[in-house]
Amino acid sequence: MTLIPPGAFARPGTSLDFKTGTWRVEKPIHQRRAAPCHAACPAGEDAQAYLAQVEMGNLRGAWETLVSANPLPAITGRVCHHPCESACNRKDYDEAITIHGVERFLGDRAMQEGWAYPVADPGRDAPPVAVVGAGPAGLSAAYHLVRAGYRVTLVEAMPVAGGTMRTAIPRYRLPTETLDQELERLLALPGIHFRPQTKLGRDISLQELQAEHQALFLGPGRRKGREWSADFAVPGDLHTGLQLLEAWVSEGTLPDQPRSVAIVGGGNTAVDLARVLRRQGVENVHLISHQRVPAPDVPADDAMRATYREVSQAIEEGVIIHEHRGVRRLILRGERVVGMELVHMKKLAGPDGRLRRVAFEGTETVLHVDHVIPAIGQDVDPEGFNGLVVRGQIMVEPWWGEVADHTGIFSGGDARSDHGTVSEAVGDGRRAALGIARRLSGRPLEPQATLEPIPYGDLNLHYFESLPAAREPVLPPDQRRGLEEIEGGLDGSGVRNEAHRCLSCGDCLACDNCWTLCPDQSVLKTRDVAADGSHYVFDYNYCKGCGICAHECPTGYIRMVPE
Amino acid sequence: MNANPSKGSTLAEIPISIETLRSRQPRFRGLESGHRACQGCGEALAARLTTEAAGPDVVVANATGCLEVFTTPWPQSAWRLPWIHSVFGNVAAVAAGMEAALKQQGRATQVLAFAGDGGTFDIGFQALSGMMERGHNVMFVCFDNEAYMNTGVQRSGSTPHAAMTTTSPPGRERMGKRHMKKDILSIIAAHHIPYAATASVAFPSDLRKKVRRAMDTEGASFLQIHSPCPLGWGHDGAKTIEVARLAVQTGLFPIIEMERGELIGTLPIRNPRPVSDYLKLQNRFRHLFADDFRARKELEHLQAIADRNIERYELRGVRAESYDTEGADTVHRGGDRWA
Amino acid sequence: MPLALEGSQALARAIALCRPQVVAAYPITPQTHIVEGIAKLVADGQLDCEMVSVESEHSAASVALGAAVAGSRAYTASASQGILLMAEVLFDIAGLRVPLVMTCANRALSGPLNIWNDQQDSMAMRDSGWIQLYCATNQEAIDTTVQAFRIAERCELPVMVCVDGFTLTHTLEPLEMPTQEQVDGFLPPYFFRHGLHPDEPRSLGTLVGPEHFSEVRHAHHHALLRAQDEIVQADADWGEVVGRQYGGLLEVRGEPEATLGILTLGSVLGTLEDAMEENPDLPRARFIKLRSFRPFPAQALREACAGLEHLIVLERALSPGYGGIVGPEVQAVLAGQSSPPKIYNVAAGLGGRDMSLELYGRLVDLIASGREPEPFCIIDADPMLLPEEDR
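Protein chains in written order, with this note's numbering: chain X, 1 to 563; chain D, 1 to 339; chain Y, 1 to 391.
Be careful, since some hints might not be right.
Pairwise CB distance ranges (calculated) [stated by the list, open to error]: (1) X:Ser493 with D:Glu311: 38 to 48 Å; (2) D:Glu311 with X:Arg60: 52 to 62 Å; (3) Y:Phe213 with X:Val561: 38 to 48 Å.
A short list of chain D residues far from chain X (calculated; beta carbon distances all over 10 Å) [stated by the list, open to error]: (4) Met180; (5) Arg213; (6) Ile264; (7) Tyr313.
None of these hints come from the bench; they were simulated from the model. Idealized CB from N, CA, C, for every residue including glycine.
With these hints in hand, go ahead and build the complete structure from the sequences.
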């Protein structure tokens, strides 16, 4: 019992005896929510997390965070179509963060500095897993399997690793040295046994692999051109886009030297080839696409699959793009093409709600070209896959990538009809590795929810300042001739600028807002990182649940929940 | 992958007890938890920020009002500072007495006087004026919540024009308070004191900077801190900061600094907003959104008052820079700038 | 050696001898000469003190309060309306148990305006919780002021020294001023146990709810009752230093064996004593000089009144609609006695009305008439100056 002193004065801080927390009907909690960049990344990178480390000056930590999802950042930083940036909340404030530039910078820095992957040697007694195909999917799967403690036999039909990255991406987008360095480091990981020039069905059978390994990952590329004709006419000198592109990438030349070319298709192969042809001196390069040039206001299902950056550079370089067009028929003189009849087309929802292409009669036009190249996609060659390849693809469970009705066999990357980019392949490889680890440890492959990104409206943008994005240097179109890389990387200040611009969506910035703005002194700052990843602890003894901390949290990391 | 499961930070997750963590906070805590202010109280926050910046070597005189009542229900006190409450109208004089005593004793302890708008604009004004005229080395802080909140929201000299209070209710003959908000800072400035400023709980770093500046000032200094009252203004307690911020962004509460009566600084308005954005968040202005001429007229009247403030203090235009960081309302990874 | 000094000047010097560290005041007749005197001593460098010339009495009391809690000996002075303007602060000072001393240069209250002497102002503060000591002479005012600081600081209660305006404050007479050594020996440096200091950050002036308020008041009441011992002790101790004593709580003077008693507060006693000496044919009276009105010295009063048949309580204030203020209290404390005296309660000298030597005769006549005492009358009022209905 406190005796009443003269004048009834009180002792300092005795209000702590009064627990105002009992007033609360809602309480604040820390809730890490996925940043849109994280949710959108096909490879599963948490860009927000590594941008935070970059801002703190911890470049190596940032790279380690990055390669915990994607072992090939120097590559993807160059070739990825970066949906992270399209999703970035900052685009609604001023400009999206140049995430790919930071990714590339970290990947390049790691190679310069010779940083080793933070991966332990799984040891000689680790369970063996086989990976077929040393493209991005297979490399990613192998890497993540080693991280998870497995030994990997990586078989590849070609003499060198890289798959599509090596055969179909022009050097001006991805220099050979970058590719080689990144892959060498990966293949040198203890636990990976790389067997090049080992073609499935020719040099080794699926059964042999299965017998010697506890699980399989199949990561074949798509190298078998689809049959193409326009109104049943096929020109005699037909090459597919991929064939031509591969020839140019590997030999630096093309078989013919046409004057005018029409490429049919809207994917990266089509665009890359169009740009290659321009470099070869082809005067008129036309690109015929059912879809439109990708742009922020173009819906994804109406946009060409090629990367916006590539398409716009192609246009800069003189490629003529015919949007919303299809080929009605070829105009042949003998077996030689002299032109083609185009028609306006668009995807429309049919009575069943599914989108289908519709040609509009009366919109036909003629385009005079002396060459037509279909670049409408390729299939997986089914040889050696013992029937797992159906209609040019392998049917898998969409998250983990396990082949239907084949427990322990996983697949991803080009083998999936819905995935065709390097980043998607990397993501497929990672999830499949995790799936294999689950299978081999007897855990079920539960369906996984996709990340729910924190929307722009849940941030408190008052606490940020408008700041322009750092942009990479780009070679002017008139200097883009040989193999020189078109895009330069961000420099250190550009990278710091981007890290500083990151809104840290859904994660604790350690900005002190909650700590500073609590009228009840009920947010306590911790010296270390609290267990939930934040830097603050709510003292629920006194928190009255007013909600100021949640309302003023710039990143939407604090949520009010009912008591 | 799943998003991380939601969880709050709790005692079990940190290696030390929450009491220990509390005792190790890297800021001085002048106002401790367990006080009985309403949820989202702007005044409690303002007092917290002020005392944190002022530090422990102070003595405080506090006028009657919410702040005094919610901090010191005997036997408890939320203060960790030597503190006295006497009566409503004498806080400046009590502070002056303390200052005279400390001066005579040769001690450097700084004297603070805390009052609400009633204790500043109205009942305490004479003592305040006298204290400033005599040049006591006292930092007088007015926690301006624009009405007599402790007695249940009656109008004061600080209540804005057209605001509803229990003694300025809107009705058939009235649209809330008939009179203007007293321009206290100009009156204070006319005392020619070395430092006078306005601040807002929505701009804590600016507020702290001004507290420190006032503390460093030899002689009387005056700080008017706009402190929303969720109960009296009729807004969600979670929006205390937002409301305070809007008061600044609309121009209704200019953030300015004066030395010896001369304007020496302003907080530029970075994101100008119409007054209706501020008013519509508060029940005390609800009657201004009725569909009638009087309501529209008073809305325009308040906009005109805001426009006049903006013009008078040049809150936009030449002085205002879009990348201004003087206001320091921007956050940075790793915080600390507000420490 | 006695000095010829005006009462106010003497008081100013006495206060300076007590080494107040902060003096705050607002001028009001008849207190002005006191604070002017202090201001001059400060200006001349004879007193190291912060002299705060405030903008109102409300602030004067508040500055004194602030100074006292911040660890400085504090003093203020006022009168009349000034006392009333201070009123809320005076109650607060007492309730917070803050030791400080003020002089009340007693004066009538408005309205109508009257600037002359009576004691309505301090009487209005009867229930403020202050110790009130009334002085009969300027010499007593000087000595009581010195004692007041020690009483205040030992009891943690404020002390109001009541000195009749003009009658004492503006009268020039030979007075013995104590020396600084005498005062320093008697009055230790100021110390307030519950003051404000960053090293021990207390909160003063808390909100005390119904569950504790009665106890706070109980404690305050008993602190005042206990203060009687300290008042007596201070008078005795100071008496040893200077050789002058004033009876502690009250003083019995005049004819100790008389059965007629006259109780007074303040300077009127001197007039009555002179009148008794000059009129040897009139019955002699036992004078009871009430020095401590708060705390009210019930036991001392009972002893002082032993053997009285008649007791006239002469006041310089009244409670309109009831009558006297001191009279009923005296009546109440004597009520339980065996054969208490008949009590005659009168007021006189309101608003500075001259109390001549004839007053003694008029008072004695009250008894001589043999009539039952009226409950109360203003003995020197002339009803014939009033309209008929007001007589």
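Evaluated hints:
1. X:Ser493 with D:Glu311: 38 to 48 Å: holds, 40 Å
2. D:Glu311 with X:Arg60: 52 to 62 Å: holds, 54 Å
3. Y:Phe213 with X:Val561: 38 to 48 Å: Hint holds: Cβ distance 41 Å, inside 38 to 48 Å.
4. Met180: It holds; methionine 180 of chain D is separated from chain X by about 29 Å at its closest Cβ, greater than 10 Å.
5. Arg213: The assertion about arginine 213 of chain D holds, with a minimum of 19 Å to chain X.
6. Ile264: Nearest chain X Cβ is 24 Å from isoleucine 264 of chain D, so the label holds.
7. Tyr313: For tyrosine 313 of chain D, whose nearest Cβ neighbour in chain X is about 21 Å away, the distance exceeds 10 Å, so it holds.
Every hint, counting from the list given before, is met by this structure.
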